[in-house]
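J.: Listed below, chain by chain, are the residues.
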Amino acid sequence: MKHLLAWAIIGATMTCITVTAQAASDVPDFAAVKTVCGKCHTTAVFEGKPRNWDRWNDVFADMTQRGASGTNEDLGRVTRYFLENLTLVNINTSAAEEIAGILGVSDEVAEAITERRRKQPFAGLAELRALPGVDSAKLEQRRSRISF
Amino acid sequence: MSFHTPTLAAALALTITVFAPFTPAQQTTKDGVRMENAVNRPDRPYRPAGSSDPRDAGPHVARGFGKVQRRLVYVALPGGSAGGQFSSEQNGVGIVVLDADRNFEFVKRIPTWNVPASMSPEEVSGIAASPTTNMIYLATRGRLAAFDLASDKKVWEQTYDGTCCERPEVTPDGKTLVVGSDLKDFWYIINAQDGALKGKIQAPKSNFAHNMALSADGNTVFMAPNGVTMTVGDVPSMKATKTITFSDHVRPFVINHDATRVYANLNNLLGFEIADVKTGQVIKRVEAPAEMWKPQWADVKQRFFGHGCPSHGIALTPDESELWVVDNINYGVLVYDNTGEWPTLKMTFPTTASADWITMGLNGQYAFLSSADVVDVKTKKIVGQMKDEYGKPMHSEKLLEMSFANGKLVRTVSQFGEGIPSAVQTRLSARQK
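Protein chains in written order, with numbering that gives the first Met the number 0: chain Y, 0 to 147; chain B, 0 to 432.
Hint data in this document are derived by calculation from the structure and do not stem from the laboratory. Each residue gets a CB set at the ideal place from its N, CA and C atoms; glycine is no exception. Where hints are given, some of them may not hold.
Here's a subset of chain Y near chain B, in silico, CB distances under 7 Å, partners left out [claimed, not checked]:
1) THR42
2) VAL44
3) THR78
To spell it out: a stretch of chain Y is covered by chain B in this simulated footprint if at least three of its residues, at any positions, have a beta carbon under 8 Å from a beta carbon of chain B; those stretches are [to be verified]:
4) 53 to 66
5) 70 to 77
Given the sequences, and given the hints that come with them, work out the whole structure.
T.: Laid out in structure tokens, this is it:
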């Protein structure tokens, strides 16, 4: 029983470490994008060309049909890469999933944002910056893809 | 976003099992199986309930991955007659939908207009669709209408000033339709969402609006009359910017992926002329071998199905490696290799009827001809026939192949066989490897 507990703890700790490492850098996510999306064409067909999340999902579905595939781990990284780097998000209308992605916040914070906007729509970046859990450096870096 | 790994899940499950005696007996898995029953043991084997949704398996995965797909062909009727070989009314009115993944089987007929039996239905003059609006647009000589692809219901219909409409194309952002007037000297700019008129591009040198092409970025429109001079226009400013004059009437034509070249069928030519868009000049005339057509065409007593010209139908494969040209003298298709400096004829194949239009399908896999033939682009073999619910071949020149995920259009093609930037890029990057 001690054995199992130890494994559980090691497992959990390792997961935490990986999660932090991923969050610190986009590099592993981009490597996954190259693996999944760079097989047939270069990533230049989409890099630097943001779209809204619905349109990206159309592209993912289209590419899946053409033969794009990957491990769940890689597809998860591709998802995160596109949400964080290539998606146009409207803070007052987009889904929590997209808000979590672009702001780099937890699902809970994103839910709190959608809860808050129901009562009163956000007027601008300043109001977002004031929220707990929002990283203003990320916000600054991604502001061109954020609208209200 | 939370990331679970199978190791962690297993570890947690084990931990919980281990602690089971100390925790309330109601502990269950997410799907309600009691924990003590959710352990794989030799005497009681257990596998967690499967799910086809990759999102349940761990990391947050975008819904676009792993969706159920349908690949369909939407054929607008009446939309052609194989150049007069058949009646264009033989397939009735509506949009017939075929399943590209099931040998082009009939799926359904979407009603478009209720035409009294005593009247001839108007011909569909053009077709376009947009994943952004999830609508398909039909132009007829008389009206322009949009149908919602989720419900197959008409969303709007317009007649404008009574001179609507020729071929439409929709910008990639799904905001704007560019549509020819019915044989007049202007093109309409229309809000693709509700059909409201935004303005017109006047093209006085190109009276008799007919064929058109829209650049891949949606900014440049090529407006051709049934006449010698084509007008190039800027969509955002709704202004004509230049003209290109060919040696005879321009018939169907296509543009390449970056809208730098025009390949045009002309009257009195089995072949095409190539124009350079920057200079506005014709830079090459490519004729099929003389013996294939010149004596026959010079003999004015000979009759050919088609649209009164030796070639009515031209298309680039999406990656621009080939240029396909209809042969209305010998009833077939000429395939040109387009990877060198100029296109060179590499092979020909016969069609089952007069083919007066070529639409390239998704991914450059199939070509759809108005002879009702579906051709495998790689092998040039006829692999299917487009037929209505009564088994009659459909000779429509107005059709689109479309790909759907959960009832939502994700990708379609243009009625015009234009080069597609990503497909060209894919071909060129494969060559470098």
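J.: Look at each hint and say if it fits the structure.
T.: Here is how each hint holds up against the structure:
1. THR42: Since chain B brings no Cβ nearer than about 10 Å to THR42/Y, farther than 7 Å, the hint is violated.
2. VAL44: holds, 5 Å
3. THR78: holds, 4 Å
4. 53 to 66: holds (count 11)
5. 70 to 77: holds (count 6)
In terms of the numbered hints stated before, the structure departs from hint 1 and from no other.
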